[in-house]
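Enquirer: With the hints as constraints, model all of the structure from the sequences given.
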Amino acid sequence: MTQLIIICIYLALLVVLGIFSSRLFRGTSKDYMLASHSIGPFLLLMSLFGTTMTGFALVGSTGESFKQGVGVYGMLASSSGIVHSLCFFLFGVKLYSIGRRQGYTTQIQFFRERLESDRIGLLLFPVLVTLVITYLLIGVLAAGLTVNGVTRGAFSELFAASNGGVPPWLASLVICVVVLTYVFFGGMRGTAWANTLQTIVFMILGVVTFFVIATKLGGLQAASEAVAQLHPEKLHTSQFPKLKFLTFLLIPLSVGMFPHVFQHWLTARNAAAFKLPIVAQPIFIMIVWLPCVLIGTWATSAAIDGKPLFPPDFHANAVLPVLVGKVSTPLLGGLLTAGILAAIMSSLDSQFLCMGTMFTEDIVVHYAGKNRFTEQQIVTLARVFIVAVVAVTYGLSLFDPRRVFTLGIWCFSGFTALVPLVAASLYWKRLTKAGGYACVLVAMASWLWFFRDSGYAADPKYGFLGMLPVATMIALSTAAMILVSLLTRPPSEATLNKFFPKS
Amino acid sequence: MRYVVWGLLVALVVLHQSGIASDSNQLVFGFLPINLLFHAAISCAAGAAWFLAVKFAWPAGLDDEPVSDSDAASNGDAA
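Chains A and B, in that order, give the protein sequences. Residues 34 to 536 (the working numbering) are what the first sequence spells out, left to right. Residues 165 to 243 (the working numbering) are what the second sequence spells out, left to right.
Everything labelled a hint here was simulated from the structure, so no lab data went into it.
Straight line, CA to CA, 27 angstroms or less: simulated DSS-like cross-link-like pairs of lysine-lysine:
#1 A:Lys-359 <-> A:Lys-340
#2 A:Lys-466 <-> A:Lys-535
#3 B:Lys-219 <-> A:Lys-127
#4 A:Lys-494 <-> A:Lys-277
#5 A:Lys-249 <-> A:Lys-340
#6 A:Lys-535 <-> B:Lys-219
Expert: Structure follows, in C-alpha cells:
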C-alpha cells in the first residue's frame, strides 16, 4: 500500500509540473510542438536521453539479462553508445539545420520537399504511426507489469486474480492518463521539463535500486559469485552467434528515424546544443544499462535465506519489478518504482506529443490549409488524435503480452529499415522520389513478412540466415532505393540547391 | 584530425565486435564480470571519441546560425 501511495504522489507531481509549464505556454502550435526552439544543451540531453531510454532499457534489459546473461550489454548498450551519437551527429545536426532554415516541424514535411512528392506523406504517415504504436506498446506494457510486480500481495483479496497486485490493465491505464494530462497541459515545453525531471529521477533511483538489491543479495561480491558458481554461462559471451551479434549493431540506428527524436532535435536552440548530448549519450546509457544488466544476471542465482527467488522459466518482463518488491522496504519500493515508471513515461510523453504534431501538421494543416483552423483548434485536434492513438495502444496491451525486449527489437528493426531513406536524403543527391517510395515500401513489406513469420514477436530467438531480420530488411530497402533512384529522373536543381546548398 | 576521429570510431566498432567470444568467469574488483567491464569500457571510450568528434570534426558554419527574437528562450537552462 505504501508503494502505491508513493507512486500516486509522484504521478500527481508530474501533473502539477505540466500545469505549471502550461503557464509559460505562448498559445501557438509552434510553442506547443517545438517549445519555440528554446531548448539548450542540458535540457536537450535530458529529453533526448530520457526519450531513448524506455521500459525497454530498464524492464527489458533486466529481463533479457536474466535469460541471456551479461552479453546483453554488448548487444545493445555499448553499441547504442556508439550508434546513437552517430545518428545525432550525422543526421540530427543536419536535420536540425535544414529544419530550422525551412521551418519544418515534422519528418514528413522534410521528406515531402526533399523527395518532391506530396504523397510520400500519405505513405509515411501510417508507417510511422504503426511503428510508434509498437514502441508505445513497450512502455504501456512495462508500466502495467512494473506496478503489478511491485504491489504483489498488497491487495490479496481485492486483486486476487493478479497475484494480489494492482492489475496491469489498471496500472497501464492510470499511467496513460497521467502522461496524457501533462502532455496536454505542457506541450513540448512541459514534456521537456518532465523528461528532465524523470531522467534525473530514474538515473538516481536506478543507482539506489542497484545498491539496495546488491545489499539484500549479500553484497556485490556475493551476488556475482553466486552467478559464477550456479550459472557461469550467464557471465560468458560466447553463446551469442557472431553474425547475430554483429547485426545487433543495426538496431540502435533506428534512432535516426524516430519521429519523436526528430521533433526533439528541432527544439534545440542552436546546433551547438547537440554537442553535449552527443558526448554524454554513451556514458548515460552505461549508467542505466550496467546496473540493470547486472541485476538481471544476479537474478538467475539470487536467493534469500537459501531460497531461490526466481525459477529459470520466470517471465522476463517481471524480473525487475518483482525483485524490487521483494528486496526493498515499502517506502523504498515505492520510490524505486517511481524511478522505473519515470523512465517509461519519459518516452511515452514525447511519443504522444509527436503523434499529435504529425497528425495536425502532416494531415490536417497540410490538406485543409493553414487558415482553416485557429491555433487553439489545431492544438485540440492534436489532442484528439493522441487520445485515439493511446486508446489503440492500450487496447493492444490487453492482449497476450510479449517479451518487452523482443517487442522492442521488432519495433526498432522497422525504424532501422527506413534509415537508408534519411541517410540518402541528407547525403546522396541522386536519391529520387521513386527511390524514396521503393525504400519505404520494401522496408515495410519485409518488416511485415518477418514479423508475421516470427509469430508476431512470439519467438525471441527468431533469426534469418543466422542474423537478426533487420540485416536483411535494411539490405533490401537500401538496394531498392539505390536501384530505383538510378533508374529514374534525378531531383530538380531547385531541390538540390535547397538541400545541398553550395557553401 | 577529422580522419583520426572517424578512424577511432571505426576501431571502436571493431573492438566492440572482437570482445564477444570470452568464456571467462573472472570477476574484476570481486563483482564485475570481465565481459561486462570490457563493454562498459567501450561505452566510456565512445564518450571520449565523440568528445573528440565534436571538437575536431564538427561541421563548419553551424554554430553561428542566427536565433530569431521570437525563438528567444524562456525556460530552464535556456533562460
